[in-house]
Structure formats: structure tokens, C-alpha cells
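**Student:** Note that the protein sequences, when read in sequence, are chains A and B. Going by my numbering, the first sequence opens with residue 1, and the numbers climb by one from there. Going by my numbering, the second sequence opens with residue 1, and the numbers climb by one from there.
Hint data in this document are derived by calculation from the structure and do not stem from the laboratory. Predicted, not measured: the structure shown is a model, and the values here were computed from it. Wrong hints could be hidden among the right ones.
[Claimed, not checked] Estimated spans, in silico, between C-beta atoms of each pair:
1) 201(B) x 18(A): 45 to 51 Å
2) 334(A) x 15(B): 51 to 57 Å
3) 30(B) x 22(A): 51 to 57 Å
4) 419(A) x 97(B): 44 to 50 Å
5) 71(B) x 309(A): 39 to 45 Å
Every residue, glycine too, gets a C-beta built ideally from N, C-alpha and C.
Take a look at the letters that make up each chain.
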Amino acid sequence: MFTYYLRLAVTSMRRTPVLTGLMVLAVAMGIGASMTALTVLRAMAQNPYSHKNEVLRVPQLDSWNPESAYDEEGNPPDQFTYRDARALLDAGKADYQSAQYRTGLSIQPEQDSLLPFNASIRVAGSDFFQMFEPAFRYGNPWTRADDARKARVVVLSAELNDKLFGGENSVGRDVQMGDERYRIVGVLEPWLPMPRVYDLQEPFEEAEDAFIPFETAVDKEMGAHGNNNCWRSPEKPGYAGQLESECIWMQFWVGFDDVASVAAYRQFLDDYVRDQKALGRFERPLNNRLSTIDEWMTRKEVVQRDSRTQVWIAFGFLIVCIVNTVGLLLAKFLGRSGEVGVRRALGASRRQVFAQFLIESGMVGVAGGVLGLLLTGLMLAGMRALQDESYGHLTRIDTEMVGITLIVAIGATLLAGLIPTWRACQIAPALQLKSQ
Amino acid sequence: MLEMKQLNKVYRTHLIETHALRDFSLSVREGEFVAVTGPSGSGKTTFLNIAGLLEEFSGGEYWLDGVDTRGLNDDGRSRLRNEKIGFIFQGFNLLPDLNLFDNVDVPLRYRGLPAAQRRERIESALARVGLGARQKHYPAELSGGQQQRVAIARALAGQPRLLLADEPTGNLDSMMARGVMDLLEEINDQGTTIIMVTHDPELAARAQRNVHIIDGQVSEVERGPQLGRREAATDPNAAAA
């Protein structure tokens, strides 16, 4: 009977193209608006490292001004001083650890056809690659030994390798960055962790063009191209003063092979701060954190309240569209009282009439869902055109969202069809047959 | 085939109570052709709707082909209606979006017959009413008489034991009406029980028995002049007002 009902639904929809078009459009507009908002929210809120949520951690130490907290909520600073990052790296208490920051270098290509250009550089420890798992197209990460000896080595992004070497395997070759040549040890596959968890100062930026060792960058006195906050001025001038200061300018991540090690590390952090207190630093109360990725994303408000509000508004609009569809379906179904009467007289039970009309509602939902997907695509394309480039990654619809869109569209329309369908199957056949 | 005993049907609103049928008793035997006549508002259509299981009754008994219809739920009533009863309406009540084949197919779909069996029955029914070559036509492309023939084919395709006809010639000219009546008689000759509501005394005279309803009660039962034409199973004493 299902295929029979489907055929009847198509016939009915073709008989009243304007009414059908209005219903499909109403569903599609509601779906388009809500799915656009939901796509952006999901992209913002997803944790691309959910499988490592418990074992990848962000330490926070409250090295801030004894007179006032870092923020109104009393949280510890969300970045590290070099001194503390250095100390934690040297202690090596975590299975994996990386102090990191973003900087930039000018690249001088060997080809005459390319002019020198500035590239964004992620400064990190070799463990960064174990922790955040970018896939390598060629080569490997540099080693901890490379870190220790401040080697001039680099891992290129796929895009930079394409630009400089036409996508060839460039491992072993050199690239001139700033005033030195760096040996290429690895080339990544295209990589777009979204949000960019490892640096939530700018969560929706693309990954950097290249990665170089932390020790190398410090040796080369490379500054950070990111936030640099100080609660008191550095006592010495220059890069050495920056390293010794209480300014926070780098991120610090730790990773563990198993979650059981987390408690010991938490204890280590507390012990470290107590030791520092004895040396006259960390005058604020003990306020350490060792956040999971989810906690860190919440703390950094990756999903802003406005984005959630937009989703609520969009779903409110969907409800309005669905209410309109209820009205249109009601008008359409009650206009077919005669047909219901005939079908009932010829042996259709109320359940069979209910199924027939509900499937017709579902068909409107399918059509509305497909059109809604197209509208979602258009709206997201519009957002990409209007917004900052960095938001482009948020406005891509994936297969999961396509599935969700269709399910929401069909579900919402079936829900919308319930009342009209119920009314249709309550029609008294005898009355309709006489009035035909 | 059909047995109604002391049947009552009351329509209630918050202001008035209307007795459409009052202690209505009627028995129709298998193979009979019964005409039901009566003035407007006498209860003819209510009787037909209850006979066709389209309306429930307020009290009494209704047995259809040995089945007590009291206490049947909607599914049970629908199944019984689909299997035992064919309808022919004054207004034909064909579905305008469906071609003749699909119109005749409707009751068979609800019976859940396999496709090949449905096709065979549809083609046979349309051929029987002389429209075998017009399966793909739509109702709007046919004359009134032809539409009523399609409605008859639709009723016949289900091979019903009981055919209920409500003013089947009411919308037709006399020529077409005669054709439809000839067809109904032919169907009755082949054993299908027919109950026909009509205002037309000429048509009523072609039935084996006339049941006259006034004020929701059977007031008079007459043998029709056609009774002698064939051996009827009518028992004039079976019906009682």
C-alpha cells in the first residue's frame, strides 16, 4: 500500500501545484533558516578531538596580578608566561607537552616566478603532532632531539608545499624563512581542525602555513603574533625581558597516554605553584586548572551566546512556517472530503485514510527538505561571501547535516500533517457521498 | 443476506432529537432486487447508509450475510464493507484524478489483492459495462451514463454480495437510465442482491419487491411486477414494518 499511497500523493500534489508549492516553500524556508543557523552552531561547537577529550589537557596557572583577578569570574590566565612554560617543559611530567605560539616569517621562494611573502608559523614542540594528529603527506614530525638541539627544521602545510614545490615531495629540501634556511622534515595533508582547538585565541582561523620547533623559535627570538598580556611591565627590555617577564603570550598543552595520569599532573601543578609562591611569585590563591578540551571550549566561549540565540530564532521561524503548513494542509485535506467519503465507502478504514494523508504530508516534507537544503546551501554561500574568510569553514554543510536536514523537514511536516490528517480521517463518509 | 431488527437511528443536537429510523425491521434474501421508496426525509438514505455500514445505529440489530454488525470496530466495518458491499451513487462519486482503471482499482487495493488478480478483475468489470477500451480515460471525458457504468464496474470488481444503489439513475436522462437499469437487472440475474433507493415509480416497478418507508418505518411492502420474470427468493412476509 505504501507505493500506492506515494502514487496518490504525487497525483494530489500535481493537481494543486500552487498550494503544494506554497507548502513546500514554507517548509523549505523554515528548514533553510534553521539548518543554516544549526550548521554554523554545530561547526562552532564540535570538538574535533572528542576521542581524546579526557587525555588532552590545558593547564592554567594563576600567575596574575595579586591585586585583581585575571577576569571578572576569577579564572586564571588563559595563556602562559615563558618562565612557567619553560619550567613545565623542563619538568617533563606529562607524556606529551607542547608550549606553542603563532608567529610569522617571510619566505623567499627559490623560483624567480614567486615573490617573497609572509607566512604564518606555528611554533610548537614535536609532541604537538602526536597530540593534535595532523596527517602527513610526506615525511614525519621533527623529533624531541630536534627540539633540544634547536634544529632549523620545518613541517609545511599542504598548501605551502603546493605553492613552493608544486605539491612534490619536498622532504629533505631547504626553504629560506627569515634569515635562515630550514630543512623540510614533513609535509601535512590539508588540515582544518574546526574549531582550531590548539589555539582558541582565534578558534576559526585556518591552520598555519608552517610549523617550527619551539626551542628554535625562542633561540631565534621570535615574538608572538597573538595576544600578549602583562599585569606588570617587563623588568628588562628586549626579548630577554619578555622571556623573564610575567607577561602571558603562549599556549601550553599536555597529553597523557591514559586518564589516570591526570591526577598526578594536577598534583604536580599545585606543587609547582607552591614552590613558586615560596620564591615570591604566584601571590594569588592557588587556582590551577587542568581543563579537558570541552571545558576549555566552554571557558573560551567558542560558541557565543548570540549564535545560540540565532539558532533559537531560526527554529522559531521554522515553527511559524510549520504552523502555516498546518493551515494549508488542513485546507487541502478538508477540500478532499468527497474523496475521503468515497474511499471510506469502498472499504478504506480510518487508519488507511490516515496513512494515505500522512504519507502525502511526508512527501511535502521531502520536497520541502530538498528545497530547504538548496536554500541552506545558498544561505551558507551568502554568508561565505559576506563574512570574514575565517568563517568560511563554518559554513560548509556535510553529509550528516544533509541527513539531519531531511529528517527535520520530514519530521516537522509529518507533525504538521497530524492534525489535518486526523481531521480528514474523521470525515463522515455518508454526508460527503450525498453532497457530491 | 440483510436482516434489520427493531433498528433505531437518532440524530441528536443540543436542541433537538431526530428519529431517522424508528423500530425499523427489514429482511432481504440473497439474490433479491429490492426498491426502497418514500418521500424526502422519510429515512431512505439513513437506511442505506446503515445498510452500507457507513453510519452506526442507535439501537436494534443489523445482520449482514450472517455477521452481527453490532460491536464491530472501524477496521471490522471497513473490511466487511469492502468484502460484501458495492455502492452505486446518484452522483457517481468517481475520483476525478484517477483514470477508469485506477477508479475501479480503489476497492481492490483496500482488499489487498495481488496486482495480477486486480488487473484481471478491473479489465473484466470494465468490459462488462462496455468500457473495456477506455481504461486510460478520465471520468471527465465520459458522459453521465458512462460514468455511472464505471461506478457500477467499480462496485462489481469487488464481487460484492450486496449492491446498494442510491438513486442510480437520478442524474441521467431516460435513455441512459434505462441502460443502467438493464445493467442492474443483468447483475441481479447473476445472483447479486441489490437494494435500490429511488423516487421513480417506473424504476421501482422493475424491482422484485418495493419497500416503502415513511417516517423512518417500513409502511408497505409490495411484490413488484417483475417478480414473475425470474424465480425470486423473495418472501413478502419476511419484511415487517
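**Student:** It remains to establish, for every hint, whether it holds in the given structure.
**Tutor:** Here is how each hint holds up against the structure:
1. Checked against the hint of 45 to 51 Å, the C-beta distance between residue 201(B) and residue 18(A) comes to roughly 48 Å, which is consistent with it.
2. Checking the proposed 51 to 57 Å range against residue 334(A) and residue 15(B) shows it is violated: the Cβ atoms sit about 26 Å from each other.
3. Between residue 30(B) and residue 22(A) the beta carbons are some 52 Å apart, a value that agrees with the proposed interval 51 to 57 Å.
4. About 24 Å separates the C-beta atoms of residue 419(A) and residue 97(B), a value inconsistent with the hinted range of 44 to 50 Å.
5. A beta carbon spacing of about 56 Å between residue 71(B) and residue 309(A) contradicts the range 39 to 45 Å that was offered as a hint.
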